[in-house]
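Visitor: Numbering (the working numbering), first residue to last: 7 to 383.
These are calculated hints, taken from the structure and not from any lab test.
Hints may be right or wrong, so weigh each one.
Stated by the list, open to error - With beta-carbon atoms standing in for the labels, derived distance ranges: (1) D378 with A205: 51 to 59 Å; (2) A221 with T150: 29 to 37 Å; (3) G343 with P176: 44 to 52 Å; (4) D329 with L280: 16 to 24 Å; (5) C151 with P220: 28 to 36 Å; (6) S120 with G275: 34 to 42 Å.
To be verified - Here are the simulated lysine-lysine pairs, BS3-like style, with alpha carbons at most 30 Å apart: (7) K320 with K281; (8) K312 with K13; (9) K320 with K13; (10) K117 with K13; (11) K281 with K13; (12) K117 with K341; (13) K13 with K29; (14) K320 with K341; (15) K53 with K32; (16) K32 with K13.
Bear in mind that the values here come from a model prediction, so they are computed numbers and not experimental data.
For glycine and all other residues, C-beta sits at the position ideal for the given N, C-alpha and C.
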Amino acid sequence: MNIPLSKPEITPEDVAAVSAVLKSGKLTQGPQTALFEEMAAAYVGAKFAIAVSSHATALHAALLAAGIAPGREVITSPFAFIAAANAIEQCSARPRFVDIDPISLNLDPRKAISALSEESQALVVSHTFGLPAESAALCGEAETCGLVVIEEASQAWGAQAGSVKVGGSPAALATVFSCYPGCPVTTGEGGLIVTHDAAFADACRSLINLGRDPAAPKGGGKGASWLTHTRLGFNYRMDEMSAALGVSQLARIDETLAQRQRLAEHYRGRLRPLKDRFILPMEIAGCRRAWSTFNIICREGVSREKVIGALADKGIATERYFDPPLHLQPFYREKYGESPGTLNIAEGIARQILALPFFTTMSAAEVDYVCDALEAL
Numbered sequence: 007m008n009i010p011l012s013k014p015e016i017t018p019e020d021v022a023a024v025s026a027v028l029k030s031g032k033l034t035q036g037p038q039t040a041l042f043e044e045m046a047a048a049y050v051g052a053k054f055a056i057a058v059s060s061h062a063t064a065l066h067a068a069l070l071a072a073g074i075a076p077g078r079e080v081i082t083s084p085f086a087f088i089a090a091a092n093a094i095e096q097c098s099a100r101p102r103f104v105d106i107d108p109i110s111l112n113l114d115p116r117k118a119i120s121a122l123s124e125e126s127q128a129l130v131v132s133h134t135f136g137l138p139a140e141s142a143a144l145c146g147e148a149e150t151c152g153l154v155v156i157e158e159a160s161q162a163w164g165a166q167a168g169s170v171k172v173g174g175s176p177a178a179l180a181t182v183f184s185c186y187p188g189c190p191v192t193t194g195e196g197g198l199i200v201t202h203d204a205a206f207a208d209a210c211r212s213l214i215n216l217g218r219d220p221a222a223p224k225g226g227g228k229g230a231s232w233l234t235h236t237r238l239g240f241n242y243r244m245d246e247m248s249a250a251l252g253v254s255q256l257a258r259i260d261e262t263l264a265q266r267q268r269l270a271e272h273y274r275g276r277l278r279p280l281k282d283r284f285i286l287p288m289e290i291a292g293c294r295r296a297w298s299t300f301n302i303i304c305r306e307g308v309s310r311e312k313v314i315g316a317l318a319d320k321g322i323a324t325e326r327y328f329d330p331p332l333h334l335q336p337f338y339r340e341k342y343g344e345s346p347g348t349l350n351i352a353e354g355i356a357r358q359i360l361a362l363p364f365f366t367t368m369s370a371a372e373v374d375y376v377c378d379a380l381e382a383l
């Protein structure tokens with residue numbers, strides 16, 4: 007048996023939705039994009055959603071729209087996808103990496119608050135592996151200090167803290183989602199910015215559309231032309247085929263998340279007897295984790311590389327998330343002189359964590375096959 011790390015669920019309805027767009031001849035800036043934005047905003051409980059070409063471009067546009075200035079610092083986690091750090095860097099600001107909580111693997115709010123300085127302008131808060139971060143504490147402190155909070159929710163579609171979905175709270179200026187193939191909602195490549203702030207939403211719409219005025223009409227007539235550009239912008243638009251796929255996927259997100267929850271519970275039940283060798287992903291009372299991945303942490307004395315090799319011999323794909331952590335990535339290490347031993351929790355977790363196969367269409371038999379292989383080590 008060969009089991010990939012991840013693969014998207016593409017249904018006949020998904021294929022039909024994309025095919026209908028191709029047949030329509032309207033391939034960009036059309037009704038599917040508008041519908042996807044409307045559905046996404048309604049789902050998370052935000053007022054506005056802006057569909058973009060990728061998670062990375064969404065982060066860049068959101069930070070620019072938030073007014074992140076050159077030379078300022080943005081507090082963020084070293085244990086996350088590199089897109090957030092790169093977006094900060096692309097604004098000519100500096101990512102200030104702060105260590106994580108050893109249990110949740112999210113940014114440690116106490117350490118983040120302690121790291122704030124006169125140079126700090128914002129925090130980018132990741133919901134790592136779909137577990138909601140302690141955003142309330144961070145947003146409260148940020149408001150007191152006049153800082154911006156952007157939530158990075160690439161892995162947190164449907165995650166919930168209390169009764170509020172990630173992306174639904176107005177405490178953060180914006181939340182950015184990914185629509186990459188491994189996510190519960192995929193558009194191939196793609197991302198979304200959600201917000202409650204109308205002016206911020208307009209700025210994002212302008213930035214992703216070459217700096218055009220989002221209120222300018224198309225097709226001539228009086229007033230500003232749609233070809234009037236009011237700021238320096240980018241082509242970060244989502245196309246109609248991607249949006250149509252997103253509409254079809256989002257229509258069944260509750261079913262998708264429920265299936266992934268069942269798979270995670272199956273994994274946890276099978277691996278619980280191995281808790282002397284592996285730490286299993288946690289859940290927090292009052293929170294709903296969005297299961298984007300399923301990760302185990304090898305305990306001291308368990309060689310992750312031997313585990314990887316043994317699983318590979320049985321056709322089981324795995325991945326080392328996120329190794330090296332961001333502050334030790336070659337680019338950031340060279341530019342800012344970062345060195346090992348400065349963020350010990352992130353570094354230690356990165357050396358021992360391992361992502362196991364996890365995707366919506368994964369069968370119970372495939373989960374059992376992976377768990378049997380781990381038991382046999």
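Visitor: Now tell me, hint by hint, if it's right for this structure.
Guide: Verification of the supplied hints:
1. D378 with A205: 51 to 59 Å: Since the Cβ atoms of D378 and A205 sit about 55 Å apart, the hinted range of 51 to 59 Å holds.
2. A221 with T150: 29 to 37 Å: holds, 34 Å
3. G343 with P176: 44 to 52 Å: violated, 38 Å
4. D329 with L280: 16 to 24 Å: holds, 21 Å
5. C151 with P220: 28 to 36 Å: For C151 and P220 the Cβ distance comes to about 30 Å; the hint holds.
6. S120 with G275: 34 to 42 Å: holds, 39 Å
7. K320 with K281: holds, 22 Å
8. K312 with K13: holds, 25 Å
9. K320 with K13: holds, 18 Å
10. K117 with K13: violated, 36 Å
11. K281 with K13: holds, 27 Å
12. K117 with K341: holds, 23 Å
13. K13 with K29: Roughly 27 Å between the alpha carbons, so the hint for K13 and K29 holds.
14. K320 with K341: violated, 41 Å
15. K53 with K32: Measuring from Cα to Cα gives roughly 26 Å; hence the hint holds.
16. K32 with K13: holds, 28 Å
Comparing the model with each numbered hint stated earlier shows that hints 3, 10, 14 do not hold.
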